[in-house]
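Construct all of the structure, not just a fragment, from the sequences and the given hints.
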Amino acid sequence: MREKERSVSGIEDLLYLGGYGKFVWPAFATAVVVLAWMAVSTLRRLRANESELDRLQEAQGRVRRPAEAGEEAGP
Amino acid sequence: MIHFLANPARFMRIGNAVLPWCWAVAGLSIAIGLWFALVVSPADYQQGESVRIMYIHVPSAWMALGVYTLIAVTSAMALVWKHPLAHLIGRGAAPLGAGFTLLCLVTGALWGQTSWGTWWVWDARLTSVLVLFFLYLGYLALGSAFDDPERGNRAAALLAIVGFVNVPIIKFSVDWWSTLHQPASVLRMGGPAIHSSMLTPLVLMAVGFAAYFLALLILRVRAEIAGRKVQALMMALQRPGGDGHGA
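From first to last, the protein sequence lines stand for chains A and B. Mapping the first sequence onto the working numbering, position 34 (from 1) lands on 1318, and the numbers just tick up by one. Mapping the second sequence onto the working numbering, position 180 (from 1) lands on 848, and the numbers just tick up by one.
In short, the hints are calculated from the structure, not lab data. Among these hints, one or two may not hold up.
[Said to hold, decoys possible] For each label pair, taking beta carbons as the anchor points, the in silico distance ranges come out as:
no.	chain 1	residue 1	chain 2	residue 2	range
1	A	D1338	B	P860	47 to 55 Å
2	B	D815	A	G1345	23 to 31 Å
3	A	D1297	B	V748	53 to 61 Å
[To be verified] Straight line, CA to CA, 16 Å or less: simulated EDC-like cross-link-like pairs of lysine to aspartate or glutamate:
no.	chain 1	residue 1	chain 2	residue 2
4	B	K897	A	D1297
5	B	K897	A	E1336
6	B	K897	A	E1296
Cβ coordinates follow ideal geometry from the N, Cα and C atoms, glycine included.
Structure, rendered in C-alpha cells:
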C-alpha cells in the first residue's frame, strides 16, 4: 500500500516537475505534434504522388495500346 | 560521393536500404533519450526542472540550422552542376526544416517564460531564428509560385543560397550582440561546458532527431521523384495525340 502511494506521488512529482510541469510538458507535447505532423504529411504526399503516378501510367498504357494496334493494322 | 548520389535511381536504392536503420536509430535514440531527459538527468541548480525543455529545444535548433545548410548546399549544386536530385532534396527537406524551426521557437518561448519571465524578446538570436523560419516558408512558397517548376526551383534555390548568410548570424548572434539568450554551451571552442548527465540525453535526442529527419527525407524525395514523373506524364498525355513517349 505504501509502495503504491509512493509510486502515485512519483507520477505526481513527474507531472508537477517542481512547478515547471506546465511549461515542460507543453514543450514535449509540441514536439510530439510537430514530429507526428512531419510523418503524416510525408506519408500522405508519398501515397498521393505514387497513386497518381500509377493511375497515369495505366492511362498511358491504355492510350498506347490502341495506338500500337493502329500502327500494326496500318498499310 | 555527392556526384555518386546524384543519380535518382541510385539514391533511391541506397535510401531504401538505409531507411530501416534510420527508423531503428531514431526510435531507440529518442526512447532512451527521453528516459534520460525526463527521469535520469538531474534538475539544473539554477533553472530547476525547466531545464528539461533543453532536450527538445537544442536538438530542434541544431536541426533547423543543419537542414537549412543542407538546402543551401543542394541549391548551389542544383544551380552549378544541374544535379537532377538536388532540387528534390531541397524541396523534400524544407517542410521538415520549417517544422524543426517552429518546434525550436515554441519550446524556446516556453523556456524563456520560465527563465526570463517573457515568452519573446526581439533580441538577435530569437529574431534571426524567426527570420530562418520565414526563409523556409519563402523557399517553399517560391518553389511553387511559377507555372514552370524549373523556374520555381531556380528562384527558390537562389533564395536559399542568399538566405544562408543568416546561419552564421544565428550561430554567432549570442557573441556579437548583447542578447538575453545564453551563449553556446556544447558546440564551442574548448569543448562542451555541460555535465555528462545532461550532455548524454542531449546527444541522444539530437541523434534521434537527425535519424528521424533522414528517414522522412528519403520518403519525401521518393514522393518528389514520383511527383516529377507525374508532371512529365501529364505533359505527355496532354500533347495532341500524346502517347506518353519520352515521359
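**Request:** Just pull the numbers of the violated hints for me, sorted ascending.
**Result:** Per hint list: 4, 6 violated.
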